[in-house]
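Colleague: Here is what each chain is made of, one letter per residue.
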Amino acid sequence: MLRPLFASRSGTISAVVLVVVAVLAAVGPWLAPHDPLLQDPRAILAGPSAGHWLGTDNVGRDVLSRLLAGSTLSLVAALEAVAVGLVLGVVPALLSVRLGRVFEWFSLRLMEAFVTLPFLVFAVAMTALLGNGLQQAMLAVGILISPGFYRVTRAAALPVATAQYVEAAVLAGASPWTVLHRHVWPKVVPAVAVATASLLGASLVIVSSLTFLGIGITPPTPTWGGMLATDLQYLFQRPFGPFVPAALIVATVWACNGIADALRDAPGRPAPRKVTAHVG
Amino acid sequence: MARPRTLLRVAALVAAAAVTLAACGTGAGSASGATLRWGFALPTSWDPVTSSTGNDINTISLVYASLTQLDEKATAVPGLAESWTYNGDGTAVTFTLRPNLTFTDGTPLDADAVKQSLLRGKTQQNSLLKDQLATIKDITVAGDRDVTLQLAAPDYQVPNLLAGKTGAIVSPAAFTKDAAAIPTAPVGAGPFRFESFVPESKAVLVKNPGYWDAADVKIDRLELTPTTDAATVVAAVQSGALDVSYIPGNQIPQAKAAGLEVDVIDSLQVNQVDVHSGLAPLTDRRVVDALKYAVDRRQIVDVVNAGVGDVAYQPFPKGYVAYDPTLDGLFAYDPAKARQLLTDAGYAPGQLALTITVNSVSQSTAELVQQQLQGVGVNATIKVVPPGSSTWQQEVYLGRKAQFALDGTVGRESPVQNLTVVYGEQGLMNTSKVSTPEFLAALDAVRRTPLDSPDYPTVLQTAVRTGVQMSPSFSLGTLPRVAVRNKKVSPLPHFLSQYRWEGVTVGSTS
Numbered sequence: 002m003l004r005p006l007f008a009s010r011s012g013t014i015s016a017v018v019l020v021v022v023a024v025l026a027a028v029g030p031w032l033a034p035h036d037p038l039l040q041d042p043r044a045i046l047a048g049p050s051a052g053h054w055l056g057t058d059n060v061g062r063d064v065l066s067r068l069l070a071g072s073t074l075s076l077v078a079a080l081e082a083v084a085v086g087l088v089l090g091v092v093p094a095l096l097s098v099r100l101g102r103v104f105e106w107f108s109l110r111l112m113e114a115f116v117t118l119p120f121l122v123f124a125v126a127m128t129a130l131l132g133n134g135l136q137q138a139m140l141a142v143g144i145l146i147s148p149g150f151y152r153v154t155r156a157a158a159l160p161v162a163t164a165q166y167v168e169a170a171v172l173a174g175a176s177p178w179t180v181l182h183r184h185v186w187p188k189v190v191p192a193v194a195v196a197t198a199s200l201l202g203a204s205l206v207i208v209s210s211l212t213f214l215g216i217g218i219t220p221p222t223p224t225w226g227g228m229l230a231t232d233l234q235y236l237f238q239r240p241f242g243p244f245v246p247a248a249l250i251v252a253t254v255w256a257c258n259g260i261a262d263a264l265r266d267a268p269g270r271p272a273p274r275k276v277t278a279h280v281g
Numbered sequence: 111m112a113r114p115r116t117l118l119r120v121a122a123l124v125a126a127a128a129v130t131l132a133a134c135g136t137g138a139g140s141a142s143g144a145t146l147r148w149g150f151a152l153p154t155s156w157d158p159v160t161s162s163t164g165n166d167i168n169t170i171s172l173v174y175a176s177l178t179q180l181d182e183k184a185t186a187v188p189g190l191a192e193s194w195t196y197n198g199d200g201t202a203v204t205f206t207l208r209p210n211l212t213f214t215d216g217t218p219l220d221a222d223a224v225k226q227s228l229l230r231g232k233t234q235q236n237s238l239l240k241d242q243l244a245t246i247k248d249i250t251v252a253g254d255r256d257v258t259l260q261l262a263a264p265d266y267q268v269p270n271l272l273a274g275k276t277g278a279i280v281s282p283a284a285f286t287k288d289a290a291a292i293p294t295a296p297v298g299a300g301p302f303r304f305e306s307f308v309p310e311s312k313a314v315l316v317k318n319p320g321y322w323d324a325a326d327v328k329i330d331r332l333e334l335t336p337t338t339d340a341a342t343v344v345a346a347v348q349s350g351a352l353d354v355s356y357i358p359g360n361q362i363p364q365a366k367a368a369g370l371e372v373d374v375i376d377s378l379q380v381n382q383v384d385v386h387s388g389l390a391p392l393t394d395r396r397v398v399d400a401l402k403y404a405v406d407r408r409q410i411v412d413v414v415n416a417g418v419g420d421v422a423y424q425p426f427p428k429g430y431v432a433y434d435p436t437l438d439g440l441f442a443y444d445p446a447k448a449r450q451l452l453t454d455a456g457y458a459p460g461q462l463a464l465t466i467t468v469n470s471v472s473q474s475t476a477e478l479v480q481q482q483l484q485g486v487g488v489n490a491t492i493k494v495v496p497p498g499s500s501t502w503q504q505e506v507y508l509g510r511k512a513q514f515a516l517d518g519t520v521g522r523e524s525p526v527q528n529l530t531v532v533y534g535e536q537g538l539m540n541t542s543k544v545s546t547p548e549f550l551a552a553l554d555a556v557r558r559t560p561l562d563s564p565d566y567p568t569v570l571q572t573a574v575r576t577g578v579q580m581s582p583s584f585s586l587g588t589l590p591r592v593a594v595r596n597k598k599v600s601p602l603p604h605f606l607s608q609y610r611w612e613g614v615t616v617g618s619t620s
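Sequence order for the protein chains is L and P.
Using our numbering, the letters of the first sequence map in sequence onto residues 2 to 281.
Using our numbering, the letters of the second sequence map in sequence onto residues 111 to 620.
No lab work stands behind these hints: they were computed from the structure.
Note that the coordinates shown come from a computational prediction; the quantities given were computed from them, not determined experimentally.
Positions of the beta carbon are idealized from the N, C-alpha and C atoms, including for glycine.
It cannot be assumed that every hint is accurate.
Claimed, not checked - Over 10 Å on every C-beta distance to chain L, these chain P residues come out as not near it, computed from the model:
| id | residue |
| --- | --- |
| 1 | A284 |
| 2 | D412 |
| 3 | P496 |
What the hints assert, rightly or not - Distance ranges between label pairs, derived from CB positions:
| id | chain 1 | residue 1 | chain 2 | residue 2 | range |
| --- | --- | --- | --- | --- | --- |
| 4 | P | A463 | L | A175 | 56 to 64 Å |
| 5 | L | A27 | P | K597 | 51 to 59 Å |
| 6 | P | V308 | L | P160 | 16 to 24 Å |
| 7 | L | L130 | P | P564 | 54 to 62 Å |
Input sequences plus hints: build the corresponding full structure.
Modeller: Below, the structure is given as structure tokens:
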């Protein structure tokens with residue numbers, strides 16, 4: 002299953018980066034040398050030292066500890082958005098192939114409507130409506146990336162559904178579930194995998210953008226985007242400050258895209274399209 | 111070959127002549143042709159009647175002159191009116207206008223124009239000045255220059271009251287013709303004439319040679335643009351995109367390192383916590399007092415504003431007539447006392463939960479306060495109110511949902527006005543909406559005391575003291591204006607109440 006990832010150098014590096022980030026997200030809070038919320042107002046905006054490897058922030062909190070704690074939240078939020086998008090995109094796509102023209106027409110129009118919505122404005126509206134929480138914001142993001150999953154899944158499923166061997170299976174009495182499970186799903190999975198990797202990167206960018214703007218989080222909860230926003234206000238005092246959260250965001254997004262490319266280019270697989278989300 | 115070269119010379123001469131003529135044109139009233147690019151905030155409305163924030167006085171006063179104005183110490187001095195006199199019992203005040211005043215549309219600014227402008231503030235349906243002007247019962251004019259305000263009760267604060275937006279005089283010809291146009295195309299008699307305005311983008315103003323104090327205005331053209339990101343302000347001034355702007359205190363070292371000049375100007379702005387004593391657990395005064403002792407004001411000033419400003423225990427800065435020195439140190443940081451008060455109120459450490467409401471630009475303060483409260487055993491969560499002109503109003507002022515809101519007053523022209531906003535029964539920032547009879551009586555005593563009475567400071571400070579001791583809300587620190595400027599701009603004058611540009615010069619850009 003994972004072999005295609007290691008067929009190329011970029012795929013291998015991407016996988017390693019993503020594993021490292023995932024490990025940081027999983028065990029980061031235990032690795033943190035300090036309480037990420039503990040302030041030391043006597044040592045604000047301090048440079049790197051033995052006690053604080055990446056220095057301290059504007060209220061004297063340890064930056065390394067906040068980055069590690071923020072990794073968990075940032076990644077989990079991106080995964081939440083992808084999970085929502087996966088369910089809202091893949092299921093209607095498969096049903097649109099099976100349930101006939103009316104469902105197909107409505108689902109297509111709905112997805113087209115989602116595509117027209119600007120990400121940030123919609124996320125802000127959702128958090129205003131449902132409360133300023135990460136779950137609410139990720140629900141909004143998940144809804145808006147669902148057209149990506151819908152299109153890829155439908156494009157992969159449509160030729161299979163009308164293939165002669167599938168029609169033969171139906172004529173032979175195979176149930177819809179059997180057709181889906183044995184014939185359609187195996188053809189769809191590679192495309193969905195590529196889309197998942199690609200949209201995970203896009204979701205991370207959106208999560209970082211929202212938390213940069215203070216949407217979806219309650220201070221003093223650390224996130225990569227939130228730390229970036231704070232650090233940008235103190236460029237003169239800590240010019241290197243924004244570099245680390247920005248580098249983590251870039252590296253993780255790059256790794257997600259690298260994995261999407263590796264899966265797409267895997268030998269012996271059909272070439273599903275890589276999916277990008279419109280961030281606007 | 112000679113012909114094109116000749117044409118080129120002619121063209122160059124024409125261009126040079128055009129530039130010279132243009133410079134002469136813009137230099138009306140001044141020899142320098144000086145342009146100043148100011149990065150600040152555009153007003154919520156260019157109409158003083160519908161402007162919705164106190165901060166707008168900084169920009170609205172560019173195009174409007176008021177009957178009076180405030181000097182450096184925020185004392186009322188002549189503006190459009192060269193003098194004023196009260197009747198014997200303080201129920202009527204007559205302002206005498208300067209001679210030969212005109213609006214920038216050329217119409218005369220006489221006593222009748224003042225009457226019409228003030229009446230519009232009292233009566234226009236969407237006027238936000240109605241409350242301030244409620245003290246005026248009637249307006250009469252005598253000749254071209256004398257306008258008398260009949261007051262509902264003795265009130266010697268009127269000259270202060272009319273020094274800002276409330277007393278900004280709008281051309282009756284303009285608002286009679288189209289009142290709806292005033293918010294975007296103001297017509298006044300201020301230091302500058304309005305030239306153009308692009309909402310959210312830019313306003314261009316040119317010197318008004320008819321302004322009563324035009325000789326002190328050395329700027330010929332003022333371009334006002336909003337600054338949206340504090341992090342870019344220093345770079346904008348350094349690059350010349352802006353000549354003057356404002357920065358938070360923690361950017362002073364950066365501005366100085368960039369070779370820019372910095373003016374730290376004391377202001378009437380004081381940050382405070384609006385405590386709603388009608389919401390549990392703040393209904394218990396011991397809990398409220400514990401919170402006052404739990405907050406380390408010095409730490410907030412030092413960390414959030416890099417030490418710029420003073421800790422404050424009252425809603426006025428040192429040096430202002432209302433400042434009561436006996437309040438210094440009242441509820442000073444004392445975590446042990448805070449813990450004791452909470453214990454007395456029946457709260458063991460960790461039992462008391464509280465929500466800190468804050469706007470999106472004051473999160474650092476909220477985070478510090480959260481940890482300070484945690485230090486005395488209060489578990490506080492932070493609620494950030496999203497940006498937007500109405501969201502804070504809905505959450506804090508009108509909705510009154512906030513237990514403990516980090517807020518601030520920009521000050522008002524009249525100290526009574528400010529005390530009313532902060533502690534008055536219907537005061538916007540008094541989210542509890544409770545005032546004691548003692549405070550209201552003290553406030554009334556201030557209104558009845560002439561500004562030039564030797565008793566005035568004592569009476570005013572008594573009202574401040576009564577308000578501070580009564581209110582569950584408490585002040586945190588003063589917030590001076592920190593202006594950053596290009597070296598070609600001369601130092602800004604230090605006015606407590608607002609930015610003023612009289613006497614400011616702009617040198618050559620070359």
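Colleague: Looking at A284(P) again, its CB stays over 10 Å from all of chain L?
Modeller: holds, 37 Å
Colleague: Given the hint of 51 to 59 Å, is the C-beta distance from A27(L) to K597(P) inside that range or not?
Modeller: holds, 54 Å
Colleague: Is the nearest CB of chain L more than 10 Å from the CB of D412(P)?
Modeller: violated, 7 Å
Colleague: Do L130(L) and P564(P) keep their Cβ atoms within the hinted range of 54 to 62 Å?
Modeller: Holds - the Cβ-Cβ distance for L130(L) and P564(P), about 59 Å, lies within 54 to 62 Å.
Colleague: Please check whether the beta-carbon of P496(P) is more than 10 Å away from every beta-carbon in chain L.
Modeller: violated, 7 Å
Colleague: Assuming the hint says 56 to 64 Å, is it satisfied by the Cβ distance from A463(P) to A175(L) or not?
Modeller: holds, 59 Å
Colleague: Is 16 to 24 Å a correct range for the gap between the Cβ atoms of V308(P) and P160(L)?
Modeller: violated, 54 Å
The structure is inconsistent with the numbered hints 2, 3 and 6, although it conforms to all the rest.
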